[in-house]
Amino acid sequence: MIAAYLETRDGKIKKSSLEALSEAVRRAGELGVAAAGVLAGGAVADQAPGAFAAGAARVYVIEDPGLAAYSSAGYAAALAAFAGKEKPLGLFFAATAMGKDLAPRVAARLGAAMASDCVKVEAKDGTLVFTRPIYAGKAFLSVTLDSSPLVATLRPNIFPVAEAAAAPGEVVRLAAAVPDAAAEGRVVEVVKEESGEIDVTEADVVVSGGRGLKGPEAFALLRDLAAVFPRAAVGASRSAVDSNWIGHQHQVGQTGKTVSPDLYIAAGISGAIQHLAGMSASKVIVAVNKDPDAPIFKVADYGVVGDLFEVLPKLTEELRKTLSD
Amino acid sequence: MNILVFVKRVPDTESRIRIQHETRTVAEDGLNFVLSPYDEYAVEEALRLKESKGAAVRVVSVGRDEAAAVLRKCLAMGADEAFLIKDDVPETYDGLRTARIIARAVERRFAGADLLLFGKQSVGADNGQVPAMVAELLGLPQATVVTKLDVGEGAATACREIEGGFEKVALTLPAVVTAQKGLNEPRYETLKGIMAAKKKEIPVVKLEDLGLGPDDLRSRVRVAGLDVPAARKAGRVLQGDPAETARELVRLLRDEAKVI
Ligand SMILES: Cc1cc2nc3c(=O)[nH]c(=O)nc-3n(C[C@H](O)[C@H](O)[C@H](O)COP(=O)(O)OP(=O)(O)OC[C@H]3O[C@@H](n4cnc5c(N)ncnc54)[C@H](O)[C@@H]3O)c2cc1C
Ligand SMILES: Nc1ncnc2c1ncn2[C@@H]1O[C@H](COP(=O)(O)O)[C@@H](O)[C@H]1O
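Quick note, the sequences are listed as chains A and B, same order.
For the first sequence, numbering that gives the first Met the number 0 assigns the number 0 to the initial residue and increments by one for each residue that follows.
For the second sequence, numbering that gives the first Met the number 0 assigns the number 0 to the initial residue and increments by one for each residue that follows.
Keep in mind the hints are simulated off the structure, nothing from the lab.
Quick caveat, the model's predicted, so the values are computed rather than measured.
Where a beta carbon is used, it is the ideal one built from N, C-alpha and C, also for glycine.
Be aware that one or more of the hints could be misleading.
As the list claims (entries may be wrong) - Straight-line distance between alpha carbons at most 30 angstroms, and here's what the computed DSBU-like set of lysine-lysine pairs gives: (1) Lys232(B) / Lys297(A); (2) Lys282(A) / Lys232(B); (3) Lys320(A) / Lys213(A); (4) Lys11(A) / Lys147(B); (5) Lys85(B) / Lys199(B); (6) Lys147(B) / Lys191(A); (7) Lys119(A) / Lys257(B); (8) Lys213(A) / Lys289(A); (9) Lys11(A) / Lys86(A).
To be verified - To give a feel for the contact side, a few chain A residues facing chain B, derived at Cβ under 8 angstroms: (10) Ala72; (11) Ala106; (12) Val128; (13) Val187; (14) Val190; (15) Val283; (16) Glu317; (17) Thr321.
What the hints assert, rightly or not - Stretches of chain B that chain A covers, calculated by requiring three or more beta carbons in the stretch to come under 8 angstroms of a beta carbon on chain A: (18) 88 to 94; (19) 142 to 151.
Next up, chain A with everything else stripped away, as it sits in the complex (with noise of 0.2 angstroms):
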């Protein structure tokens, strides 16, 4: 079996666990394995038909009142549950937040090494190859793991929903333990950025600002741009986060986040080797700079040589005209 967890968010499957769980359909079905999807926490069995719908023909349910709130070791505790009664081949988390902070902890309670932000799963020889990028993109590195089951995170954005006939599957109930010691590393409080805007990591458009941008004020540019798309987020580079005319997480590059958008238009941006490693995965690049030699323009599949603070407010009235026919 490769089964992938399935994290919710205000009462949903994250569409970045259903490109986990996908995934795991699609290379189960080559390695002739069952898929299936673990739903974790207070109460999430509900939440079971949405996995069918991806898929999945069976999902695990493992519900507990310590499981209310987020905890790692918490929820490690009901994942190693999980891998130790069923054992899967494969088990696959979404490279979230939560993933990122739950797929170690799991993997290290069952002695087994780990792949992380995967962007490529191949069936080979009854295993798995593991693709993901290392130096932030500056190369790929293809895995197999030598221990079991195989973990692994997948980036967001990557994989494809599959949309199977609904068919119901089976839910399994399965009982873990959830230690005390999950009780001293509780989330306590979750805050919303009030603007409710997506996730650069999680957005099918990105619109990105740099120095160009002269200040904070000109991200307003950005933002009209951005709320043209159904799924937009802006981002920035290090220079526009340090100059503090943005919150740093919104921040692509080396040492920001790397993101792999449909489309990534970036305005005032140079093109510094630590922001194209963020961004250059994204599968089309726009440029607009007012200087044809910048760097940026060497991997834009579209590039404007122009005045941001003239081109941007033409575009978002264009996309908004094409985007409402």
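We have chain A already, so just place chain B with the ligands on it with the hints.
Structure of chain B with the ligands alone, referenced to chain A:
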């Protein structure tokens, strides 16, 4: 308070990466090595706690002799002591292997720490594995990707970044915390600090002395391939009247790139 900070020597983010295809390794000649950027935030946080509450700050790195250079930087920043756990094995990408070494060292050599600070990930391997694995192996609570840390008597509160916001984690000490950008602004070493660091000894801890056997030290990660990404092909350049350029760009995004 006793603080342990774990740091790794990594290639500078400016580095261009070349692959040695025969050995499937990253060529090291020509690379400039530094203290991993997130580890710098971890060291800074330890020093701030030392200044505000009083603490002994010990810094530990697992690696080759060359790692002494990044340990010396930490001493120059103000750490009290630095230790090298000597491990001559080249990069394995196996976080569990490193975590086993660190966890054992904490038990046998550095017992009594109240806080174990790490970077959120090592630049290069980009694993983000070691700290949570160490926490699990030692049975400690953890808060990863932390941008704010408040340490009190036997307990701490950490703010960690999540998608579209942050969450607060209540920790009892000892605990594992990993540093994210935003936690603080690392200081530069002073000349006085650099001079003092030069005089300090960096004790070397041997893997044998930690009672780690070949099975603990075997990498479970096998490299099956290593490559640089295909270069993106040069794209189309548009210039001229902003309104016309914008119209043409939108047409291309729709009809050619098909992303909208
Ligand atoms: C350890 C380390 C880690 C780093 N990590 C990151 C990282 O994660 N992410 C990151 O982004 N950087 C990172 N950097 C910084 C990186 O090296 C660059 O300094 C930074 O990316 C430059 O930001 P920028 O492109 O906004 O600014 P600049 O390089 O100053 O470029 C500004 C650009 O705007 C253009 N411009 C100016 N005015 C206009 C206008 N009116 N219209 C159109 N274009 C205009 C200019 O032509 C120029 O190309 C890191 C550096 C170090 C040392
Ligand atoms: N060889 C090492 N020596 C000491 N600390 C390490 C080592 N490798 C990783 N770490 C610590 O673990 C963090 C995460 O590393 P990684 O899991 O490799 O991304 C780093 O930022 C360091 O704090």
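Lysine 147(B) and lysine 191(A): Cα distance at most 30 angstroms? holds (16 angstroms)
Satisfaction of the valine 128(A) interface hint, Cβ to chain B closer than 8 angstroms: Nearest chain B Cβ about 6 angstroms off; hint holds.
Pair hint lysine 85(B) and lysine 199(B), alpha-carbon separation not exceeding 30 angstroms: holds (18 angstroms)
Are lysine 119(A) and lysine 257(B) close enough, with their CA atoms no more than 30 angstroms apart? At roughly 23 angstroms apart (the allowed maximum being 30 angstroms), lysine 257(B) and lysine 119(A) satisfy the hint.
Double-check alanine 72(A) for me: the hint is only fine if its C-beta lies closer than 8 angstroms to a C-beta in chain B. holds (6 angstroms)
Does the alpha-carbon distance linking lysine 232(B) and lysine 297(A) stay inside the 30 angstroms limit? Measuring from Cα to Cα gives roughly 8 angstroms; hence the hint holds.
For the hint on alanine 106(A), does the least C-beta distance to chain B fall short of 8 angstroms? Check passed: Cβ of alanine 106(A) comes within 7 angstroms of chain B, closer than 8 angstroms.
Go through the hint on valine 190(A) and say holds or violated, using the shortest Cβ distance to chain B against 8 angstroms. Hint holds; valine 190(A) Cβ to chain B Cβ min 5 angstroms, cut 8 angstroms.
Double-check threonine 321(A) for me: the hint is only fine if its C-beta lies closer than 8 angstroms to a C-beta in chain B. holds (5 angstroms)
Do the alpha carbons of lysine 11(A) and lysine 147(B) lie within 30 angstroms of each other, as the hint requires? Holds: lysine 11(A) and lysine 147(B) sit about 28 angstroms apart, inside 30 angstroms.
Straight-line alpha-carbon gap lysine 213(A) to lysine 289(A), limit 30 angstroms: holds (13 angstroms)
Tell me if the straight-line CA distance from lysine 282(A) to lysine 232(B) falls inside 30 angstroms. Within the cut-off at roughly 12 angstroms; holds.
When each numbered hint is compared with the structure, no violation occurs for any of them.
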